[in-house]
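Turn these sequences into a full structure, and let the hints guide you.
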Amino acid sequence: MFGVLNTKKNMILIAPMDGEVISLQDVPDTVFSQMMLGDGIAIKPSKGLVVSPCNGNVVQISHTNHAIGIETDEGAEVLIHIGIDTVELKGQGFERILEVGDRVNVGDALIKVDLDYIIAAGKSTITAIIVTNMEKVHKISKVTGICKRGESEIMKVEIKY
Amino acid sequence: MERMAFIIQNETGLHARPAAVLMRLAKKFQSQIQLEKNGRSCNAKSIMGILSMGVGKEDELVITADGTDEIQAIEAIKELFDKGIS
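Sequences listed follow chains Z and P, in order. When the count follows my numbering, it moves up by one through the first sequence with no breaks and lands on 161 for the last residue. When the count follows my numbering, it moves up by one through the second sequence with no breaks and lands on 86 for the last residue.
Any given hint could turn out to be false.
[Claimed, not checked] So the derived list for chain Z, only partly shown, Cβ under 7 Å to chain P, looks like this:
(1) VAL31
(2) GLN34
(3) MET36
(4) LEU37
(5) VAL59
(6) GLN60
(7) GLY69
(8) GLU77
(9) HIS81
(10) THR132
[Said to hold, decoys possible] Once the Cα atoms are required to be at most 27 Å apart in a straight line, the calculated DSSO-like pairs of lysine-lysine come out as:
(11) LYS37(P) to LYS83(P)
(12) LYS28(P) to LYS160(Z)
(13) LYS139(Z) to LYS28(P)
It is worth saying that the hints were derived from the structure and are not from the lab. Idealized CB from N, CA, C, for every residue including glycine.
Take a look at the structure:
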């Protein structure tokens, strides 16, 4: 080839919630465990505030406020899907703090979640953090274990130029 | 170019699970496939694109396919919607 080009860049994602990071394969829903939306990790949350895991722009928030998509400055698309089958709650238990189009930095509050309400409604609170444009990704390194919102590193994503 | 209009029947619209099913089907075809709702359109092969459309129950969705396998693509998507994508 004509010289060695640096064809990858790294992106670090920070925990959007307090809780415990688990493998996506352990999420009790095939949409996530079979990586149908992309690759990433999941968090069993202990507290209900969701903050941005990255710097970027909010590109979508579901009208039921249970899912939010961010396009990061590095060109990755990150989806945070709060809970399993939580679309069925029709917005109850979720409150959006931001709007589509807003600029976000790591740690900015996105969605307030009433974990107790979700659990009482019979839904799991397990939250998936997924990179959806995997064709742009070379590799994702993941962690497991306890994580602190806005502080703990959860994934390192190598993005192709 | 082939196009077809659908009225979304399922209660929760095109949320994560049906969006993933639709995307995976769209990716099987070489054609460019677009979803359009109220003048806004997105690439059916992009999950973030589909989710950002916020397609709900009773929304009308127009699907267009453009490419060598456009007819097969529209037929396959029609079959998916007829069976109830959920």
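We went through each hint and held it up to the structure:
| no. | hint | verdict |
| --- | --- | --- |
| 1 | VAL31 | 5 Å, holds |
| 2 | GLN34 | 9 Å, violated |
| 3 | MET36 | 4 Å, holds |
| 4 | LEU37 | 5 Å, holds |
| 5 | VAL59 | 6 Å, holds |
| 6 | GLN60 | 4 Å, holds |
| 7 | GLY69 | 5 Å, holds |
| 8 | GLU77 | 5 Å, holds |
| 9 | HIS81 | 6 Å, holds |
| 10 | THR132 | 5 Å, holds |
| 11 | LYS37(P) to LYS83(P) | 21 Å, holds |
| 12 | LYS28(P) to LYS160(Z) | 23 Å, holds |
| 13 | LYS139(Z) to LYS28(P) | 23 Å, holds |
The earlier numbered hint that this structure contradicts is number 2, and it is the only one.
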